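Number of protein chains: 2
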Amino acid sequence: MSALSTTPACIAVDWGSTNLRAWALDAHHVVLARTSSPRGMLSLSGPDAFEQALLETLEDWLPSDASGVEVIICGMAGARQGWQEAPYLKVEDTPSPLADQLVRRRVSVKVQDPRLEVSIIPGLCQSSPHFDVMRGEETQLAGLLGQQPEFTGSVCLPGTHTKWVHLDAGQITRFSTVMTGELFALLGRSSVLRHSVTPDSLDDARQRACFKDGVTSALARPAELSRELFTLRARDLLDPDLPADASRSLQLGARLSGLLIGLELAGHTLALPSLAPVVMIGSAELCQRYQLALECLPEKPASLLYTDLTLNGLTHLHQLCRASTQP
Amino acid sequence: MSALSTTPACIAVDWGSTNLRAWALDAHHVVLARTSSPRGMLSLSGPDAFEQALLETLEDWLPSDASGVEVIICGMAGARQGWQEAPYLKVEDTPSPLADQLVRRRVSVKVQDPRLEVSIIPGLCQSSPHFDVMRGEETQLAGLLGQQPEFTGSVCLPGTHTKWVHLDAGQITRFSTVMTGELFALLGRSSVLRHSVTPDSLDDARQRACFKDGVTSALARPAELSRELFTLRARDLLDPDLPADASRSLQLGARLSGLLIGLELAGHTLALPSLAPVVMIGSAELCQRYQLALECLPEKPASLLYTDLTLNGLTHLHQLCRASTQP
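Protein chains in written order, with the working numbering: chain A, 555 to 881; chain B, 555 to 881.
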């Protein structure tokens, strides 16, 4: 990271559990520079370590004579065990526009360094039809709604803990978190299946077919998931139709992924009569995997992909902050 | 372990992945001594290490002048990566009585020490309706069938990889392995849920109620498992009805167990119209947990508990070995 020729008007920060990403923006929200580091919440010893970590990350963006550069943060920095708690907004009590509520309920953080003016965006919680929480995804949703204020449909944010969010005319009606990504990692790396499966991208047509077979099986018989998992191991030992080379474990890995995403879709489809349209927000690889899974549904929903809307969300929120503090 | 006053007529061994258990028996199959060690298959460097490990385990049972003591082994010692492969019997091609087939297809192992005469019992495999394997459980089934040769019904062997076996007039018609126990351990110890759940026995009435709630939820909505898992975390953060003390994570741990066993039962119940009777073979704690889960089914099947039938199985098989080798 090299020094900027101009002091940024605002710095947008996505402070997650494992990573920290930051963008330096000018007054028109043009990106002057970007950086990232592995200094996520879990790498820090406690609330006192956040300011120093932030300063080290932003060091070249803040000349010594800068004063009060706005830093707007979303993500786990606002968790109870983060920098300073930004209490969840209850989805039930959050009228649209979402962004207005997020800005109104942002939390100011007291810092030592006079060059920083820090605020943290709250996450969302839900107590019905089931308890659920998000931190960070609400900012991406604000980014989406900045572009499509009256959006109606489902949003899927695939990841370690994939979120499904349902919106009606720009208002979040409910959301669900599933542990699909974490289950895939645990089963593929730490269970008996690690001997039989290799997690990989779905580049190969045969892998894609195995993935879709897995999705279809789980959609048809979600209750048999636990048995289907062990069957991957037994097939590795017994199935004469599997190839003998490295593509064997790639195919079984693709099926494992399909089974878990299929289970997720089975639960989701039952809960939601009409899926269309689905907006996907996440890495291209993961979104494409979910798109492939959606193709296995009897009624294939239309889908639309965004790789990341965090920066869009943060700039949209910053714009509202400015508007709300202007005389 | 101290020296025996008499040389055993036979030594029965259950050689699993992580543990080795052995029983010294007299000519009437009365137990003279028993021992166990953590020298399971996974702790050994390869096939050559098995004889030495066995000798060290049995050292006091074999006087220097003993000759040809029969050692009958079941379990992972017969796996491809074990001592010597005892190829699986195909369930489809295995007429009853099971024990006769297991004895006929046992594999003799060449050993250096003249005091040992070692054979390994094969496991079972299945290729339809799905691929599946077992090693060790077939011996427990032989133990059950030694007592009830014409048994008809389901046998559940709970464990890391729980087996459900269906028998008709003493013949195995099919079996299924589910990964419930391993999923519970991975989720409870290595996932984000480790912050919220404590795995424990179900001693407390409140924990039992949470467990049964979990079973009932999974039976009713198996497709929502992945969402139910994350909900445990969200409830820990949000649910005002959970106790604030240590019983909080015990209740969530009990629900996690219930959800996973409920999913297993949902898959099993769909596959099998009539469950009655169910024979449980396993640790008392696990069997009682499964009994509690069975009580959540609309038609509660009768159940019968055995803590362990491995020794019964091995002695039954040894009896047949003797009969088959007598002139």
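No lab work stands behind these hints: they were computed from the structure.
Quick caveat, the model's predicted, so the values are computed rather than measured.
Using N, Cα and C, we set each Cβ at its ideal position, and we do this for glycine too.
Possibly wrong hints are sitting among the right ones.
Claimed, not checked - Here are the in silico distance ranges between beta carbons for each label pair:
#1 Ala-763(A) with Arg-762(B): 42 to 52 Å
#2 Pro-592(B) with Ala-856(A): 49 to 59 Å
#3 Thr-572(B) with Arg-743(A): 25 to 35 Å
#4 Pro-852(B) with Glu-639(A): 37 to 47 Å
#5 Gln-635(B) with Leu-609(A): 50 to 60 Å
#6 Asp-602(B) with His-749(A): 13 to 23 Å
To be verified - If you only want the chain B side, here are some residues facing chain A, beta carbon under 8 Å, derived:
#7 Val-687
#8 Leu-737
#9 Phe-738
#10 Leu-859
#11 Tyr-860
Quiz prompt | Hint numbers contradicted by this structure | solution = Violated: hints 3, 9, 10 and 11.
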